[in-house]
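Listed below are the residues making up each chain.
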Amino acid sequence: MTKTEQKFDAIVVGSGVSGGWAAKELSERGLKTLMVERGPHVEHRKDYVGEGVAPWEMPFRGAVEFERVQNEQAIQQQCYAYNDATKQFFGNDRDLPYSIPEDKPFSWIRGNQLGGKSLTWHRQSYRLSDLEFTANSRDDYGIDWPVRYADLEDWYAYVERFAGISGNRDKIDILPDSVSQPPYAMNAVEQALKQRLESRYQDRKMIIGRCAHLTEPTDEQKALGRFRCMARNECQKGCSFGAYFSTQSATLPAALATGNLSVATDSVVHSVIYDEKTGRATGIRVIDANSLAQREYHADVVFLCASTIGTTQIMLNSTSKTFPNGIANSSGVLGHYLMDHLYGAGAHGRVPGFEDDYYHGRRPTGIYIPRFRNLYRQDEGVNFLRGYAFAGSAQRDEWGNFAHRDGFGKDFKQAIRQAGGWSFGLWGQGEMLPRYENQITLHPTKKDKWGMPQVHIDCSYSDNDNKMREDMAESAAEILEAMGCVDIHKSIDWDRPPGLSIHEMGTARMGRDPETSVLNGYNQAHDVPNLFVTDGACMTSNAWQNPSLTYMALTARACAFAAEQLKRGNL
Amino acid sequence: MSQSTFPSNANRRTALKQLALACGVLLSGRSLDLLAANIALPQDQTRRQQRLLDEPQRTLVAQLGELIIPTTDTPGAIAAGVHEFIDHQLAYCASRDEQRAFLDGLRRVEQVAQRRHDQPFLACDQDQQVALLRAMEAADEPFTGADRAFFRQLKGLVLLGYYTSEVGATQELAYAAVPGDYRPITFEEVGRAWSNRAP
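In order, the protein sequence lines correspond to chains A and B.
The numbering of the first sequence is our numbering, which starts it at 1 and goes up by one.
The numbering of the second sequence is our numbering, which starts it at 572 and goes up by one.
Just chain A, with the same shape it has in the complex (with noise of 0.2 Å):
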């Protein structure tokens, strides 16, 4: 064991979203900082390996070798983004084992690299609200959060004006209005769809999706080498023009220009230490991961932003004699109300007409359409709680699509060139219950190559989810009806597991009683004062927005309390 003689103010375990931010703003305050991460180094443009690649540069034009995928990245290519250009950002199965009950699959999709999952996430940033912060509090599922928008407004504006979030002012209670820089444009067909929803639905607005790309920087992003959004939309191999909010792109050139962070890659955490004399976090214990040799990093504040399942298994992975179940856990729900985003379901259809138009660019966004059942209520003939949005786009058939029609030879060649017509889709994003049996603990016998326990990951859909999912088909198949969408096919992916929408959350919620929650309202143990987790864990009900912008959020504003409280003398 090598104990390390610094000492630093704080420690960060993660470096993506969260993880990024807490260095950003720790560091900023004066605090000398360690962000670990178990992953290799990733460096800001040298490391986009598959950036700039045209892809008949490609020697299989994207798709991957048939023996990687199997051996080691079987559950990892279920991921939409996963290719030959961003294989490198998705972990190694084998190295990264998990177990799961026979009957209930669950897609772990995992970011391991300095950068995190800030490299591949698909950037969409909304703003939660009351309705969401009140959710449990009115249906009883699950437990109150301990805050309100009131308590994160300035936040979120902090956040925002820094990562930098295209989009409207769009003026709708339930998803507030970010600071944002111009919005992507809709295509003609999105205008006249959006039009025909409008007048159709008083309850239903189709706006620009808000997302984390830069279309008119500040001095401050362009200070740090960010620059414009160029339109490429193959953001998940990097971008080398730092046009989207990344940790390399934005929150560590920040971090490091304080000159108070220290990074420490390949170090796996296996667990918090914890002094029962002071009742305080001491450091962590972390595992080489290349040569497994342990080593211990000491601070006054420990911040674990290691992803919503990997800062559990740490937490878990903690045991002392006060905390025999896993650090911070009194309350006895460490791991437990795991969720996910319901994905999979919705509607497409045909766009008759518009063959003179076109677009030019490929946008990193789509359209949206904001949650409009149970709003504040139960609606009269809705048999499930809560609500879901839709995101969509509109565009014209490419060679792509051809591929599935019949047809060979010169016309066809022809018809191709011409671009084909017009489709539209709508898909769900719906809340998933908080519910206490979805969870995760260690396994009794099972380890991975750096002895950590592994997870088991206990979940599956309720009864209330699926009926959501059933509406979300049903009603964006009527929606597309009354734009005047043709040859409208419903589906639902009953197969698709929970993890694979890639917004796991929970396990460590926050409240207001110590006794059924593991964080505070600043995201603070309840019983470990100088410990705090602010990613996904954190979260209370998972809404049913994007929600990396909320974790943002409550980063910089739990940093901001650690510092004052670390000052004040009470951590």
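Calculated from the structure, these hints are not laboratory results.
Virtual Cβ for every residue (Gly too), placed ideally from N, Cα, C.
Some chain A residues judged to face chain B by a derived CB distance under 7 Å, without partners named: (1) E65; (2) F66; (3) R363; (4) A403; (5) K410.
To be clear about the criterion: a stretch of chain B counts as covered by chain A if any three or more of its residues have a C-beta under 8 Å from a C-beta of chain A, and this derived list gives those stretches: (6) 695-709; (7) 723-730; (8) 741-747; (9) 752-762.
Covered stretches of chain A, as calculated for chain B (at least 3 residues, CB under 8 Å): (10) 51-61; (11) 181-192; (12) 218-232; (13) 353-359; (14) 394-401.
Given the coordinates of chain A, assemble chain B onto it according to the supplied hints.
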């Protein structure tokens, strides 16, 4: 700024620099140099060693590809090297079952050509070849549903190989490595479909 291509290898850095400039990225010469100097080099080109097809099979696939995407005012599948692509793709990226199904499909093409015209597929005239493929696609006697599935697999590979080739992507269709922005336009403004995946 609509149909720029991204030249390979040595020109990449210069190209990125020029494209950034053309797209209106305003930054100092120094940071532009830094940006261009840091852009990643292309992936390895070594993954083109293994093959699935023997020479006669490859020749057959070349002709099948050319029938699907023929030479017109732009080059067709053969000039785009689609058969070479399919050969490597199946060797590296297909399962054993998919490989077997593909080879079975090629055999069926030959078998039915022999039965109907008493000669190998490649010896048939073009009308006969086209008629055979139409029958296969429609699963008309003696072709079966399995044969139709093979034809779909083949067509999918030919389209992928052709429209992601340099010829298919940049001559037959429109290609923009760095579009610069997203905006609605008329179809006439570009005049042909984009090869890059939309929207």
